[in-house]
Every structure is written in structure tokens, then in C-alpha cells.
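Asker: Residue strings, one per chain:
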Amino acid sequence: MKHSFIDQYSDRDSFIHRLDPRTKFLTTLAFILAVTLTPPHRWQAFVICFVVVAALMALSRVPVLYILKRSLVIMPFVLLVTVFVPFFKENGLVLLAAILVKAWLSVLSLILLTATTPVPRLLEGLERLRLPRVMVMVLSFMYRYIFVLVDEVMRMRQARDSRSSGGSRLWQVKTIGRMAGTLFIRSYERGERVYAAMLARGFDGQSRTLNNLSFKLADAYFTFVVVAVLLLIRALSLWGG
Amino acid sequence: MEEVVRIDNLSFIYPDGQPALAGVSLTVNRGERVALVGPNGAGKSTLLLHLNGILHTDGQVKVFGKAIENGNLREVRRRVGLVFQNPDDQLFSPTVFDDVAFGPLNLGYSESDVRESVARALEGVGMAGFEKRSPHHLSLGEKKRIAIATVLAMSPEIMVLDEPTANLDPRSKGSLISLLRQLPMTLIVASHDLELVRAVCRRVVILDEGKIVADGSAESLLSDVVVLKAHGLTGD
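Just so you know, the sequences run in chain order V and R. Sequential numbering from 1 applies to the first sequence in our numbering. Sequential numbering from 1 applies to the second sequence in our numbering.
Treat the hints as calculated values from the structure; they're not laboratory data. Check the hints yourself; a few may be wrong.
To be verified - To be clear about the criterion: a stretch of chain R counts as covered by chain V if any three or more of its residues have a C-beta under 8 Å from a C-beta of chain V, and this derived list gives those stretches:
(1) 41 to 48
(2) 79 to 90
(3) 102 to 113
(4) 129 to 139
(5) 192 to 201
Yeah, the Cβ is synthetic: ideal placement off N, Cα and C, and Gly gets one too.
Assemble the whole structure, with the sequences as input and the hints as a guide.
Answerer: Right, dumping it as C-alpha cells:
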């Protein structure tokens with residue numbers, strides 16, 4: 001079956017796309033940190049943060065509508081967690097608004113990161129940043145097999161739907177439970193076959209990779225500008241009016 | 001004739017008690033193209049997993065004159081390449097390049113050797129230019145070729161393939177068969193696709209219920225309707 005890409009638009013070309021994945025990952029992290037540390041009532045800082053993301057979006061030439069749509073998928077979850085805040089806190093509505101804005105800005109920056117960096121490149125970057133190798137492998141297997149699993153689920157659903165219609169609610173729930181169990185066992189067995197395939201090509205528990213990454217001058221400029229702006233925001237939220 | 005594989009009276013029972021192989025003996029010489037033919041559940045895949053030490057035994061399987069043991073697994077796995085039936089099991093990396101480079105990296109090749117062997121292997125299966133693609137965006141035929149490239153990149157002397165044409169449409173199957181015909185090394189192919197066997201292999205070994213029941217030239221065995229019928233290899 002055909003699937004959309006998790007990292008749609010990441011194969012395009014722009015200044016942002018060409019940056020080293022490590023640069024993008026670290027600056028995104030710094031950006032999220034700066035956003036989270038900004039006090040709720042400093043709306044000027046949020047405006048600047050938004051301008052920063054918007055400028056980067058424009059530079060990346062990723063369709064704005066795509067980024068906005070994607071961010072809206074995540075916001076309901078944030079809302080679900082935060083909706084009770086106004087009932088328990090003083091100034092609750094301001095706080096709620098600030099949390100929503102912070103979450104939205106963070107999500108925007110993460111979408112920008114994944115829309116401009118192919119997942120394999122991002123994983124390579126994480127590995128060079130010394131993220132424990134086993135975590136990188138888990139992430140890379142997840143990226144590789146998520147659609148294989150989705151296919152599996154879709155086939156199971158088709159097989160179920162072609163043989164059953166209706167039934168009581170309880171019956172349907174039971175069927176879903178059994179499908180989940182089957183999926184788990186199939187994935188487990190696939191895991192064993194994959195491991196055999198790894199062994200067959202000389203895997204001995206050590207993981208070896210080639211380095212395809214190199215920092216360029218553009219990475220230094222980019223990091224410098226972003227960090228300078230973030231420090232400005234920080235200063236503004238500490239002493240500003 | 002140099003003997004490259006020698007199996008002496010190999011039996012294997014899976015941990016759940018299901019017998020898979022019962023006293024298999026087989027020798028393969030360098031340069032031979034052997035088809036391992038048999039119905040589903042005959043023990044073909046189990047036998048293949050013994051050829052590079054994925055399944056262990058004590059000395060019943062010898063490759064290049066030496067018994068497979070823990071000390072020489074690395075060497076054995078370099079010289080005996082195993083291509084699994086399902087490319088979704090064989091291809092586990094985020095990109096085609098990473099997957100083809102996996103074997104050479106494990107063998108400790110230098111960076112330039114890794115890049116060179118990846119390029120050569122992809123060229124060899126007609127998939128040059130696919131380095132940056134992700135396996136889940138490839139067709140089954142393409143995945144099968146990449147799976148073969150992942151093993152080719154290690155320059156094996158014996159190539160072992162499990163059901164290489166399973167689930168392929170006729171055109172992909174045809175092009176895969178011509179690819180297999182071009183491979184220069186010793187080939188051991190497990191399949192019940194007799195069209196593939198006829199096109200690629202000179203020698204046929206029939207396996208049924210864990211035993212070798214016939215061993216001979218492809219022309220004579222594949223035209224022996226009685227034998228084929230007795231072991232579930234013809235439809236009528």
C-alpha cells in the first residue's frame with residue numbers, strides 16, 4: 001500500500017534544508033527551551049518567537065498551510081491536558097493562553113525540523129550528538145517498520161470487515177483485542193526474523209556507521225543568529241516591560 | 001571439484017518439538033547452481049539457516065572444509081550470503097544505502113571500501129541511484145533486488161536464496177531470474193517455483209518432510225512426473 005511520508009517536503013532544497021541536522025536539532029531544542037522559560041504575561045516575547053518561526057518557515061519554502069494543518073492535529077491533545085488549568089489557578093485564563101501559545105510555538109518548530117530534515121539524516125545527526133546508540137536504533141527501526149505495521153493492521157481490518165458486519169459492541173471490542181494480540185505476536189516474530197537477517201550479515205552487537213555529516217559556515221551563522229535572538233527574548237522576559 | 005558445502009546427517013527439531021530436518025546429507029561443489037525444491041514445510045528454510053550458522057549444530061555442517069563454530073562465524077557469514085524470503089525482514093534500515101552498507105561495515109571495511117562495495121552491489125542488481133530511498137517506498141520487485149544487493153556487497157562465494165520469486169508478478173519475476181542467471185558465484189536456491197528452477201539451476205535436490213528424497217540433474221528430475229507428484233510439486 002502507498003503511504004504518505006512522515007518527513008514530507010524534507011527532500012526539497014532551501015537554506016534550511018541544507019543545514020546540518022545537528023544544527024537544526026540543537027537550535028530547535030534551544031528555541032523550545034526559550035519559549036518554555038518565557039513568563040506567561042510577556043506576550044511581546046511570544047510575538048518575537050512567532051516571527052522567528054515564521055521567518056524560518058518562509059526561508060524553508062515548506063507550504064505554510066501544511067505546517068499549520070499539522071500543528072492543528074496536535075493541539076487538541078494539549079487542550080485536553082490544559083483545559084482544567086483556569087479552574088485551579090489564579091489568573092488561569094492568561095496561564096491557559098500562555099501554555100497553548102507555548103505548545104503551539106514548540107510544535108511549529110518541531111514540524112519545521114521534520115519537514116526540512118529527512119528522518120534518516122536526523123537519526124544520523126542524533127547519533128553524532130552521542131545519543132545512546134540503542135535509542136537511535138530503536139528510532140530507526142520504528143521509522144522503518146511503522147508502515148509495515150500499518151499495512152498489517154489494514155489487512156487485518158479488511159479481513160475482519162469482509163467476514164463480519166455488526167455484532168454487539170462487546171463482540172467488536174473483543175475482536176479488536178484479539179487483533180491487537182495477533183499484531184503483537186506477528187511483530188515479535190518479525191523481530192526475530194529481522195535479527196536473523198542482521199546476524200546473517202555479520203551483526204555482532206556492535207553498530208558501525210559512516211559519517212556523512214559536516215558542519216559548514218552556514219551552520220555557524222545560523223546558530224549564531226538564532227542564539228542571539230533567543231538571548232534577546234530571554235533578556236526581554238527577565239528585565240523588559 | 002572443490003567442495004564448498006558438506007552436510008553430514010543433519011537433524012533439527014525446533015524448540016517447540018516440531019521436527020524440521022531428519023538426517024539430511026548434502027554436498028555442493030564450487031560453481032554449482034543447486035535448487036532445493038520441496039512443498040511448504042519440507043524444511044527448506046530450516047536447512048538454509050544452517051548454512052551460515054544462524055541455527056547451530058555440532059559440526060554436521062562444514063563450509064569450505066571447516067565446521068561452522070562460534071570462532072569462525074564472521075568468516076562464514078562473509079563467504080556465505082543468505083537472502084531471506086521476505087525483503088521486509090531483510091531490509092531493516094531507514095535508507096537503501098544504510099542497508100547495503102550494513103554488511104560491509106560489520107566486516108570492518110574502510111569507509112572508501114564500504115562506499116565502493118555499496119555502489120558495485122547496487123550497480124550489480126540494476127538499482128544504482130536508489131541509495132537515499134526508504135525501503136517502504138519501493139515495490140516488492142525493487143526490494144528483492146536491494147535484498148540481493150545487501151548480500152552481494154559482502155562479496156560472498158556462496159549465495160543462498162530463500163524463495164526469491166515468491167509473490168512477484170511475472171515481469172518482476174522474469175527480470176529477477178535473469179539477474180540470478182548472471183551471478184557468478186555458487187548458488188543455492190530454495191523454491192517451489194519450478195520455472196525459476198528450470199531457468200537458473202542445473203542440479204535439483206528434492207526435500208520432503210525433512211529428508212532428501214531425490215538429487216539429480218534438473219532436466220531429468222523436473223520431467224519425472226511421478227517423483228514431482230509424489231512430493232506435491234505438481235498441481236494435478
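Asker: It remains to establish, for every hint, whether it holds in the given structure.
Answerer: To see whether the hints hold, each was checked on the structure:
1. 41 to 48: violated (count 0)
2. 79 to 90: The restraint on the segment 79 to 90 of chain R holds, since 7 of its residues have a Cβ under 8 Å from chain V and three suffice.
3. 102 to 113: holds (count 7)
4. 129 to 139: Since 5 is at least three, the answer is holds.
5. 192 to 201: Answer violated; 0 residues pass the 8 Å Cβ test.
In this structure, the hints that do not hold are numbers 1, 5, in rising order.
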